[in-house]
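Enquirer: Sequence:
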Amino acid sequence: MLRRLAPVLLTLVVVALGITALAARPDDGDAQRSADYVVLVGAAGLRWDDVDPENTPTLWRMAERGAIGSLSVRSAHRPTCPVDGWLTLGAGNFAAWHGTRPGGGCPAGPVTVERPDGIGANLPDQPAVVAHNQNKLAWGATPGALAESVRCSVAVGPGAAVAAARPFGRVDRYEAALPDDPAALLGSCVLSIVDVGTVDDDDPAVRAAQARQADARLARVLAARPPHSLVLVAGVSDTDSPARLHVAVADGPGWDGGWLTSPSTARAGYLQLVDLAPTALAALGRPMPERLFLGRPAVTVDDRPDDLRTAIGAPADADREAAAQRTVAGWFFTLLAAAQMALAVAVLPLLRRARRLAGPHGPAPVSRRVVAVVELLLVAAALAVPAALLADAVPWWRGQHAGWWFASVTVLLVVGGTAAVRFAPGHDRTLGPLGAVAGLATLVVGVDVLTGSRLQLNGVVGYSALEGGRYAGLGTVGLGVFIAGSLLTGGWLAQRVRRGWRPTVMVTVGGTAVVIVGSPYLGADSIGAIALTAGVSVAAAICTGGWLTVSRLAWATMAGLAVTIGFALVDLGRPAAERGSLGRFLAALGDGTGGLTVHRSSTANFETFVNSPLTVLAVAGAALVWLALLQPWGGLLRLFGIYPAIRAAMAGTGVAAGLGGVLGGSALDVAGAAGALVVPMAALAALRVLDHSTDRTLPDSGPPGGEGGAAPPDGSGPGGADPSGGPAARAEGAPRAPTAGATPAHGPKGVTVESRGSRDHLADRHGGSHDRYGRHGSRPWPLQHGRPGTFSSPGGSPPRWARASPPPASATC
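Going by my numbering, the first residue of the sequence shown is number 15, and it counts up by one from there.
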């Protein structure tokens, strides 16, 4: 009865862990009314390295007493041109200007601003811009949503007019330039938007002059600010490629010191451009539009250094790291894909010649030294991504040649990790390197997530704040590595325990990984947690052996659906501003706007599939597995039959990585990152299991517990082999000494073949032998065409050819 209920109980455990991880939400802080007036001051292109006490004294003093952060200026167009940035500011959503863009850059010519009266202004292109964003772009932004949320707004300068224009083009109050005394103008409406100029020149002297001019205009704004007002200063856009992080400063009641952040970034010191509109409305105590802004109101957090120069150094350094990351990440993944493809080609002839035939004739075995070198290269390839993640603990981006510094640090870490795996206890066992590599990868990613994901932010194998997709938690590559590492670790541990305990071990390890991935305090990836839940359920269902039957697949599917539905219900019960991505998607389906989310996801999947080097890794890894490792000579089928828990872990990894990538809009990136770890380890384990393919299993001679049955209580396998990985590798050219208690059998043409007790652990550690497909039982394995197996017949007597007269002792192999 308990055995029948085991799948149900394990499914409930996985579901409970998944919902528990996803349901808890951190306290993001309440954005309450704090001002009677809000003044948004924008300077396109302004970065933190433009700010210093001598050249920009006003901004420096404002940053000393206010809250500061790094601003990501992502919009619906890349790069974010000044007109795109101002439009995104006024929409509270990713928006872009329509019209022609020479070379894919910024629109030619200034924005047309008409002055039909002496009070306000009109933008004749605004209706077309609104139609362009709502009908042709995937974000469904409404330019002018911020101005529509207040009764009156003021715009100073052409950029501010774009942000303050209502959807039909009207600007309530407008001035083309900032007056000498703007007090009356800024006090005439609760919301004022001021364009203080652009900082865009490449010449340091000219750029410093532009920043100084913007700072002088800011001084006039601060001198004339209304009482009890909030002033927000932002570098609202990029001015060239590549994108950079920009200035964000808030000064006003309740904004004294600290770092700026928002629930949309969940990272102290980081803010998005789309957060400024909801921040202004929250400070004024005004309700949000019916169609929610994509951004969230900003809040402040503590732990900012007292010294402003030190505090500013952090966002400036993050900007340099993010800029270097974009260039280095491209060639790193390209080289990784090329190296793994070359290694796959090198492994193929070794797989073909790894099996040692039982007869006297056959191809000469590959040199042990060559095999050892290839094994070390496979370990190094599998550790490349974790090493690249760990390399960001060293500030390589501060050097003059950042790419070379990163390469040097990464190579040193790969060499160190490979040496640790090589000299780790149990390396000579079949699964020794696989378990060590999986454990190291899981440890590196897991510790980083538990300590705030500092290595992934702006890291080469992490995520970039310039892209604006994620600022905290697990990134795409980290998710793939963590899925593969945790499931392989679970499979390796499950293979070491009794058959009945394997699902429990797999659920324990996998459930812990689900909590780490899905918790908003840690990985903050609800889609990844749902995908990993499905993978853990599949792995737990088949880790004891056998196939993925309909009933087992049903339980795995039910677990994934239960976690999804449970979290969706919890998320929908929250206030609209506090919902996660799944809750917002279901709410959008309810009001008929869910198609935009589906369109964005499908577009992101297609673009990532076409442009990402990880697609090459995923496709090349799948080709190696399907065309080589899963062939009769490839060794992977044999590995799966001998070690069903490893087969379960790899199957669960495929399910989780595929679902996580497609549902998360990253196509094959998650699968590519997982494959970079799994495929080299699968090839290495296949090489080792083929090397032991001529080891023999004694025929069953009694009840379980004997030579052919369960392993003795001390954990050693039959014939003295260790059950976790097979006998130690023999020295090159050394003869195979008969195992104690093994009975020599006589092969064809007078060849004596030793019947060893291990047969690379085809006899499962706790339950008798397996047949060639990994099925449990005591049926003998016949020798066919040189394939290994026992030499007993169903009646217990040796085969006919084995009854011949024994050959000389020199013929023993």
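Calculated directly from the structure, the hints in this document are not laboratory data.
Remember, it's a predicted structure, so these values are computed and weren't measured experimentally.
Think of the CB as a built atom: it goes at the ideal place given N, C-alpha and C, for glycine as much as any other residue.
Just to be clear, a hint being listed does not mean it is correct.
[Unchecked claim] So the derived label-pair ranges between C-beta atoms look like this:
1) Ala-197 with Val-624: 16 to 26 Å
2) Thr-617 with Leu-644: 27 to 37 Å
3) Ala-190 with Thr-114: 42 to 52 Å
4) Pro-71 with Ala-190: 22 to 32 Å
5) Asp-217 with Ala-434: 26 to 36 Å
6) Asp-217 with Ala-352: 16 to 26 Å
Enquirer: Are the hints correct? Go through all of them and say.
Expert: So, going through the hints one by one against the coordinates:
One distance hint, 16 to 26 Å for the beta-carbon pair Ala-197 and Val-624, is violated here, with the actual separation near 54 Å. Remark: the range hint 27 to 37 Å for Thr-617 to Leu-644 is upheld by a beta-carbon distance near 34 Å. Between Ala-190 and Thr-114 the Cβ separation comes to about 25 Å, which falls outside the hinted range of 42 to 52 Å. Against the hinted window of 22 to 32 Å, the Cβ-Cβ separation of Pro-71 and Ala-190 comes to about 27 Å, which satisfies the hint.
Taking the beta carbon of each, Asp-217 and Ala-434 are about 50 Å apart, not inside 26 to 36 Å as hinted. Restraint check, Asp-217 to Ala-352: a C-beta distance of roughly 39 Å breaks the suggested window 16 to 26 Å.
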